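Adding 849 to a residue's 1-based position in the sequence shown gives its number in our numbering.
Please keep in mind that the hints were generated in silico from the structure rather than gathered at the bench.
Please note that the accuracy of each hint is not assured.
[Claimed, not checked] Under the rule of at most 27 Å between Cα atoms (straight-line distance), these lysine-lysine pairs were calculated in the DSSO-like manner:
id, residue 1, residue 2
1, K987, K976
2, K1102, K916
3, K901, K976
4, K916, K901
5, K987, K1102
6, K976, K916
These figures come from a predicted structure and were not determined experimentally.
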Amino acid sequence: MDYFLFVSPYIINILDIPDISIIFICHDINFCFMCEIARRAPDRSALDMEYKALRDEILVRIDLRQKLLATTLILAGAFLGFLANNPEYQSAALIYPPLAAFIAVAWTQDDYGIRDASIYIREYIEKEIPALRWEHYKRELRRTNRWHSIILLSHLGVIIITQFMALAIGLSVPTVEWYDYVPILVFCDLVSILLIIYLCVVWQRSARTITAKSRSILNKVAARRYGLIATKSLEDHDLDYEAAKKRVIEYFKENGQAYPSDIEDRLKLDYELVCKIAEELRREGRLEVL
């Protein structure tokens, strides 16, 4: 059976292991071997560069989102204002709601880009650089402040209101030339409004938790970053979580240190990740470094 080694930054930190060391766990062997390899954990400068790039991307996306909303309001105000003062063209207002729906989709896309970058910073980079805690702070703020999602109403809510205004203007004085198309346009308008309401619901739900898919991607990124290594074949052995946990706890006791309360959860996460990806590589016949 081939063994796969996962360089865990957490275990390396708590055991004070050099960067070029890794841990692997054997069944019926109650200690962890330190094996030197040619791979090193990502250096601080690389993480700093990545953090800065992601923060810059977030700021750019926030700026684009604000400009998109401002432009939408200006154009909607001018368009609907013109139609309100010209009854012969008022039915043309019915084409606005579908256009507004596409604008809302673009706004949501920017917001998801911001969220993806924030999750990556919080769940990966900030765990490697403890001094960076802004995204963790924002998450805790969202959990404690029920009105934190008010930004949703201030953006998509405005678009929904302008859609209803366009619908009211378009139906107030139906234009003869547009009369045959009014039912179709009204149907499209209602679908567009429901689409934005659906986006609001999905946006608010996804803001509270990290999806299983996102978590899986983050785990794979971490695995590739720290190196998933195939070692020599060790017959009649298997990965053993309890042996690893026992060895790490013994290490703290031997050195007179109090181990962190979440150590078991962290070890279990590392262990399960190793088993899962190792099994995938076995099935694919891939034994090289990812």
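Verification of the hints:
1. Of the supplied pair hints, the one linking K987 and K976 holds, its CA atoms being roughly 15 Å apart against a limit of 27 Å.
2. Distance restraint check for K1102 and K916: the Cα-Cα separation of roughly 57 Å exceeds the 27 Å cut-off, and the hinted pair is therefore not satisfied.
3. A hinted pair counts as satisfied when its Cα atoms are at most 27 Å apart, and K901 with K976 qualifies at roughly 16 Å.
4. Among the hinted pairs, K916 with K901 is consistent with the structure: their alpha-carbon atoms are about 23 Å apart, no more than 27 Å.
5. For the proposed pair K987 and K1102, the alpha carbon gap of about 36 Å is over 27 Å, so the pair is violated.
6. Using a Cα cut-off of 27 Å, the hinted pair K976 and K916 is violated, with the two alpha carbons roughly 33 Å apart.
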